[in-house]
Structure formats: structure tokens, C-alpha cells
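For the protein sequence lines, the chains are A, B, C, D, E, F, G, H, I and J, in the order given.
In terms of the working numbering, the first sequence has 30 at position 30, counting the first letter as 1, and numbering is strictly consecutive.
In terms of the working numbering, the second sequence has 182 at position 86, counting the first letter as 1, and numbering is strictly consecutive.
In terms of the working numbering, the third sequence has 232 at position 40, counting the first letter as 1, and numbering is strictly consecutive.
In terms of the working numbering, the fourth sequence has 374 at position 86, counting the first letter as 1, and numbering is strictly consecutive.
In terms of the working numbering, the fifth sequence has 445 at position 61, counting the first letter as 1, and numbering is strictly consecutive.
In terms of the working numbering, the sixth sequence has 538 at position 58, counting the first letter as 1, and numbering is strictly consecutive.
In terms of the working numbering, the seventh sequence has 600 at position 24, counting the first letter as 1, and numbering is strictly consecutive.
In terms of the working numbering, the eighth sequence has 758 at position 86, counting the first letter as 1, and numbering is strictly consecutive.
In terms of the working numbering, the ninth sequence has 846 at position 78, counting the first letter as 1, and numbering is strictly consecutive.
In terms of the working numbering, the tenth sequence has 885 at position 21, counting the first letter as 1, and numbering is strictly consecutive.
Quick caveat, the hints were computed from the structure, so don't treat them as lab data.
Here the structure is a predicted model, which means the values were calculated and not measured.
Fair warning: there could be bad hints in the mix.
Calculated pairs, SDA-like style, for lysine to any residue (alpha carbon to alpha carbon, straight line, at most 25 Å) [claimed, not checked]:
1) H:Lys696 to G:Thr596
2) D:Lys316 to A:Tyr76
3) A:Lys24 to A:Thr69
4) H:Lys711 to H:Glu738
5) G:Lys600 to E:Thr398
6) J:Lys888 to H:Ala764
7) A:Lys28 to A:Val9
8) E:Lys412 to C:Thr206
9) C:Lys231 to C:Glu198
10) F:Lys504 to I:Tyr817
Number of protein chains: 10
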Amino acid sequence: MLFHVEMTVNLPPTMDAQVTQDLKTREKALALALQRSGKWVHLWRLAGYYANISVIEVSGPDELHELLTSLPLFPYMSMQVRALCPHLSALAQNPG
Amino acid sequence: MLFHVEMTVNLPPTMDAQVTQDLKTREKALALALQRSGKWVHLWRLAGYYANISVIEVSGPDELHELLTSLPLFPYMSMQVRALCPHLSALAQNPG
Amino acid sequence: MLFHVEMTVNLPPTMDAQVTQDLKTREKALALALQRSGKWVHLWRLAGYYANISVIEVSGPDELHELLTSLPLFPYMSMQVRALCPHLSALAQNPG
Amino acid sequence: MLFHVEMTVNLPPTMDAQVTQDLKTREKALALALQRSGKWVHLWRLAGYYANISVIEVSGPDELHELLTSLPLFPYMSMQVRALCPHLSALAQNPG
Amino acid sequence: MLFHVEMTVNLPPTMDAQVTQDLKTREKALALALQRSGKWVHLWRLAGYYANISVIEVSGPDELHELLTSLPLFPYMSMQVRALCPHLSALAQNPG
Amino acid sequence: MLFHVEMTVNLPPTMDAQVTQDLKTREKALALALQRSGKWVHLWRLAGYYANISVIEVSGPDELHELLTSLPLFPYMSMQVRALCPHLSALAQNPG
Amino acid sequence: MLFHVEMTVNLPPTMDAQVTQDLKTREKALALALQRSGKWVHLWRLAGYYANISVIEVSGPDELHELLTSLPLFPYMSMQVRALCPHLSALAQNPG
Amino acid sequence: MLFHVEMTVNLPPTMDAQVTQDLKTREKALALALQRSGKWVHLWRLAGYYANISVIEVSGPDELHELLTSLPLFPYMSMQVRALCPHLSALAQNPG
Amino acid sequence: MLFHVEMTVNLPPTMDAQVTQDLKTREKALALALQRSGKWVHLWRLAGYYANISVIEVSGPDELHELLTSLPLFPYMSMQVRALCPHLSALAQNPG
Amino acid sequence: MLFHVEMTVNLPPTMDAQVTQDLKTREKALALALQRSGKWVHLWRLAGYYANISVIEVSGPDELHELLTSLPLFPYMSMQVRALCPHLSALAQNPG
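Here chain A stands alone, though its shape is the one from the complex (with noise of 0.2 Å):
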């Protein structure tokens, strides 16, 4: 099923370089894995924001719980978690 989660990152700008970057390399790691595995379906920047918007496919609530704690960057992200189900007049529910 689909999540549709807004992530918005607010890193002190005090902090370190070198953990920041260490930080950030993590983060894109885990996020080309997870989009690779299927499961981080849309990744997208909101323009001018440090800031995206994720739609993520997993199994129920619990998996996406563990996926975006396993987030490297989740201590400094403000999240925003909605679910989505299919609109009676998206394509895929109207074929022919």
C-alpha cells in the first residue's frame, strides 16, 4: 500500500561539516537502495524548500515506520505521513 510522506530537514547550521556530509552521503545511500528495492516509489524536491515529497510502498504502517526511522537524517527531518488508496477517477480504475 501507499504512503504519501513530506519530508522537510532542518539541520543546525552549527553543525559539524564533516558529520553533516557523512550524514548526507548516508541518506542518499539508503535512499537509492530503498528506491531500488521498490518499496521508495516517487522522490521528489519541492523547489527552493530543503525539503521532498516520498511516496513509499510497504507493506502496512509497521514497515513504514522502521523504513523512515532507518533514516539516517530522521532525527532532524519534521515529517508529514498520509495514506493513499486509488481515486475512482484515476486511469488505472477506469480502463478501456
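Take the given structure of chain A and dock chains B, C, D, E, F, G, H, I and J to it, following the hints.
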């Protein structure tokens, strides 16, 4: 280019049932046509809300405005529009 | 899986008394049926508000959306939907 | 009587790892003890958030305040407390 | 036990004058009766607002809900309900 | 005249324990003295919050400001101040 | 004593023109009378808004409430009331 | 001097179509005239919203208020007005 | 022309006492000088808050910005600035 | 295409003066260069705030994001980004 649009529908409960039905029918027809044209890229229902999350691909803000205001339900919807751009950690930006 | 839903009812004071009564009667009947089916797991009144806190167990966001929008009072309620998962400090996660 | 409590944890990222671990260990131990005592009736994680939804059964606001402020994480949590009462459409109110 | 309730009245300006007057008369009569019974302990007007601050003493959330929803103006009021408990610095907690 | 004051305390968790204790001791001593003087008429704890609801009787806004800013915890509190006046439905306004 | 009041007018566009005109005429007459009496000390328009900033001098919250609720437009205004007191850096507090 | 004004239009869907059309025609005529006069310096549509961003050049708040309240749609718009001044990093402030 | 400014001071409790005192002394001296010059027309304390309500008379937004940013406490204050104009019901607009 | 950007600067008061000055110098140099290039079309100061209103012309959200995140003050600014399009009542849309 991509825009992320969240649409929330607020139909007055006192609206005439036939008028409501007609509005919804026309809305669905146009939504399907716009999806077939490739402009309405994603359309999800927010579970539990009379609202959707959409991703729209247009040539710019002008076409976006024209598309959104052409929706029959536009006068009854509150919109949140945000521009998307590629995320540096997205798979498409990191081939190989 | 479990969803936490907060429902706030906003019935217009000008609504016809008989229509209101009919809506409430059907709402109650469906709420009882859904509780008996095991899907509507918890239902509490927020003291002093025309609102409730509910915990719903469904197979996913699709069934949740179908259940909530089937409620007769749905057009008159504002909803807040959030996904729940087991807490690491919950008793069920720490047997023995 | 029942209270609905939503707790959101805000631990400063600069907090010493050992201090953090100690706080969490003591928090979990007390949470388990209070659940075993029957006072902490429900404890769910909000998927994607460092937050929980709890239902607490106490003799009144005094005991509730004592319980909540005894939590080791209390100084790092923001709380929302609301009183619950039986819902007229709840199964327990409609036997038979 | 004590609850702190803030009630804000929103009467539609188009309401029939006689209906309004009747509602207010019944509201006042019940408010006086509940004060005489000792349950409505304090009742103040917020200067400049059609709103009041009340302190209600009841046996629990159930009785509170029953009391508040019995008010003739309840359908026209927005409520904020919060539970009170003794303050450690209050005189009653520090005799002598 | 009466003012309704809601005080929320925000002590930084990093504050020195002795300094914190000293502040609280002085706050309590002054709160008790002001209650004995009849100026701090009511003082309740909001259950589950490090906050209180107070009713203060003073000769006017000047004295109120002097009183509130003399509190040792004032620099760590956010305040909401509102003026109260007699309610037409209060018992004191309706003798007999 | 002084109170700072911000009044925002919300007249329904469907209101009968004659009723509206009559309300405004009576409002203006009373506003002028209260200014002449010295109680309505300042009255400014917020540029671009159907709203005003007022400073009212009264004997206390009771008189303030009576004055504000006597305004013909009161049922159509939302108010924000705050008590003022002399500022230690004001000229009047620092003669010489 | 310049003011930054954001105008959001809220026309009731039940408004008579002819009345709506007439309002919009008069609004457009006045907007064009004010642009030709040089007072309405910029006028942009916010993509996806029935709202605009305007920059108005007037002799002061009085003329601004007169201009804005003369707009036929004024009773149906919510406004946000803010004063602008030259930015120290603007090209005009840094010639050469 | 007149501007209505609400200034709220947020001094970090950890600020050095001497630095704080120096800031306040310079702020007060400048506030007095600006009042004597006729530019800072009104200055009131909001009772119970470390905040003030000010009315400033300047030649335009440029001078307003220069004046406000010259205040020693400016980096520690949050401001709300709004333009004022004469009210049609004000005494000065209705002589005789 | 045009984007409307509101930037609010939040520099920590404890920041080293030389670091702050260096940031501001680089910010100004880049802002001037981007204005000379024609991309930063408008730049106004919001009177009384450490904030600006900007209109940026770019080829799309990607270039906008690159431009904004290249600003030296970006880590210390909160942004609000909105897409603009021609207004039907704008002079440029109504020649002749």
C-alpha cells in the same frame, strides 16, 4: 515541468443532487482525458478525506493555471500548488 | 492494520429535525454493525465536543476510505486520519 | 476514567548518547509497569513520528498529572490531554 | 473533579429574534440552576467577547459531557475543555 | 478587577539543577504570598501540562503587569492575559 | 485604564442594503459620541482592511464590555481585546 | 511609495451568474484604468488560485485604502497589505 | 503617515546580564529621543507581555524601516507592521 | 517563467560578527549579479522585517531551486515559493 497539487473538495451539503452528480461526471471525464493526454501524471485519493494528491506535468505556470481552473469542481476546491524538481538522491539522477 | 481517526461532526443548526434524526439513526446502526464486525475497534466520545476518537482495523487504506465514506454523517464530518503501529514499549511487544 | 493523551518526543540531537539511552530505558520500564498495573490501557506508535497515542485510566486529573509528570521523558515531550467518555453508539452502551 | 471550559457563542445574525431570546432565557435558567447545585463553580464573561470562562465540578468526563450538551446554546457554541488539578503552589496545598 | 492568566513554563532542560530549584522555590514563595494577600485569587494546574490557569485580582493593568513580571519564572513563561467581567447569568448577578 | 481593541467587520454580502446603511449610520453616531465623551481615545483604520485599531479608556473590564457590546456592528465584528499599561520608556514616565 | 497586496477572491458559488459577470467586468475595467494611471504597478495571478499578487504605488496609506476599497470585488476579497521599501542589495541602490 | 507596530522582545535567558542591561539602556535612550522628535507617537506596554504597541509617524516605509532597524533590540524582536489611515468615523474627520 | 519568493532571514544573534558580515557581502554580490543577469527581476524589502519579496524569472523549477540554494544565506532563510502567471486583467494581456 512538474507541479504537486493537493485538491480538497468542499461541496455544500445543500447542493442539488442532480447538479452535484453532473459536476462530478464532468470532473471525472476531464480528469480521465487529462490523464490520457499525459498531463495529469498521478492522481491519488487521500484515505478518509474528500481530497486528492495530484502531480501535473505542464509547460509552465500558465498552462497549469488554465488546466486547474478548467476543472468543473474548481469553484468548490481549495488548492495547494507547489513546484517540483528532480531530487539529487532520486534514481533517475543516479543511473548506473 | 490500525488507523486512528478523529471525527468532528458539524451539522448545520438549520437542518431539518427529521433529516437530522434519520442521519443519526443510520449512523448509529452502521457504527454498531462495524463494531460487531470487529473493524471499528474503539469508539470514544471526546468529553464536551460533538466529536469522537476511533480506532479502525482494516486491510489497508482502500478499505479504510470505503468504510469512512460510507458513514451517513461523512459529508458533515471533518476527519483526521493517522496510521498506527506497535509501540516498542507496549506490553504486547514485551511479553514475559 | 479515561484520558486520551498524545505525546510527542523532542530530544535535542546534541544530547549525550548515554544520557539519551538511560532516559529511554527508564521510560520503557515505567511504561511497561504502568501498563501491567492497568492504568496505561493503550499505547500505539504514530507511524512515521516519534510520538504515541495513549489511553490512560486513572481516578481523576490529579492521578493523571502525577502519572504523566513521573515519566522520565516528560521534560522532552509535548502533550495533548483530552477527557474521554462513553459514546452513545459504542457497543458497550448498546448491549443485546 | 474540576474542568476548565471556555465557551464561545456563535449565533447566526439571521436567527429569528424570538428563537434567540427563548434560547438565551433557557440557557440562563439552566446556568443558574447548575450554579445553585454547586456544579457550575465559576462563570466569568471574557470582556469584549461573546464568550465565557467556566469551572465545572463533576464526578467525571461522563457527567461533564452530559452537563455541557444539555445547554440550550450547545449547538451554537465552540468549546475548549481541559482538566484541572491542584497546583503544588496553591494555598490549599500549603496550609499553615 | 479580575484577569484570567494562563501561564506555560518552558524551562530549558539544560538549565543547572540548582538554579532551577532556586527559581522554583522563589516562585512558590511569591505565589503563596500573593495568594495570602488576596491578589492571586485562583491557581489551578492544567492536568498533564507544565502550565497553570490563574485568576488575578488587581486595581488595573499596571498592577497586573508589575505582579506578573515580578514572578521569578516570568522570563521562562509564555502568558495569555484576558480581562474578565461579571457574567449576566452568574449567581452573583442574579440574587434571590 | 486603557484597552487596545482591534475590530474586524464581517458583514454578509447578502445583507439588505438599507439594513446595512442603517447599522453603519448608528455605528458612526455612537462612535462619535463615545469619542466626544473621551472614552474612545483613538480610532484608526487599518489600510486595506474593513477593520480598525482602537484605544478605549474605561473604568474597568465591565465598562469596556458594556461599551463594546453596545456597538450596533458588534454582532458582525470579531474583536481582539488587550489591556495596556504605561511603558517604562514612554515619555510620560520619563519627564524632564 | 509601494505596497505589496495579496488579494484572494471568495465569490459565493450561489451568486447569480449575471451579478458575478457584472462585478468581474467592472473589476477588470477599473484594474486596467489603475494600471494605465501608473498606480497599479504589477498584477500577477498566483498559478492555481483565484488570487493575485499586486504592487501598488500611492502617495500613502490613505490613497491605498481608497483605491482598494473602490474595487468592485473588495467585499468578496481577503487582503494582505504590506509596505515595501528599497532593498540595499537591489540594483537601483547599487548603480555603477 | 502612521504605522501601527507591535514589537515582541525575545531575549535569550542565557544572555550576559551586562550585555542585556546595555542593550536596554540604549534602547530606552533611543526610544525617548524618537518620542521627543515626534516620530514615535505612542508607546504602550501590553500588560503581562514583554511587548509593546507603538504608533510611528514617518514620511514613508523607507524611514519606517530605517527607524525600526536602528533599535538596539531589533535583532531580538519580532515585529508586526501595519499601515494606518484616518477612520471615517473618527472625530477629526467629523468636525463641528 | 516567474516565481514569487518571500525570503525571511533568521541569523542567530550569537553568530560571529565577521562570519555574518562575510555571508552578507557574498549574498549581496550574488544578488546583484543575478539581477544584472535578468533572473532576479524584482527585489523589495518588507518594511520593518528582515525579509524580502522577490520575483525570479527562470526556465523552470530546477533552475529556481539551483538559484535559491546557491544563496549564501539560504541555510538561514525560510522561503515561500509560489508560481506566477499572467493575470487576465493585466495591461500586457489587454493591449490597445
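Results of checking the hints against the structure:
no. : hint                 : result
1   : H:Lys696 to G:Thr596 : holds (23 Å)
2   : D:Lys316 to A:Tyr76  : holds (23 Å)
3   : A:Lys24 to A:Thr69   : holds (15 Å)
4   : H:Lys711 to H:Glu738 : holds (12 Å)
5   : G:Lys600 to E:Thr398 : holds (17 Å)
6   : J:Lys888 to H:Ala764 : holds (18 Å)
7   : A:Lys28 to A:Val9    : holds (13 Å)
8   : E:Lys412 to C:Thr206 : holds (22 Å)
9   : C:Lys231 to C:Glu198 : holds (15 Å)
10  : F:Lys504 to I:Tyr817 : holds (20 Å)
The structure agrees with every numbered hint stated previously.
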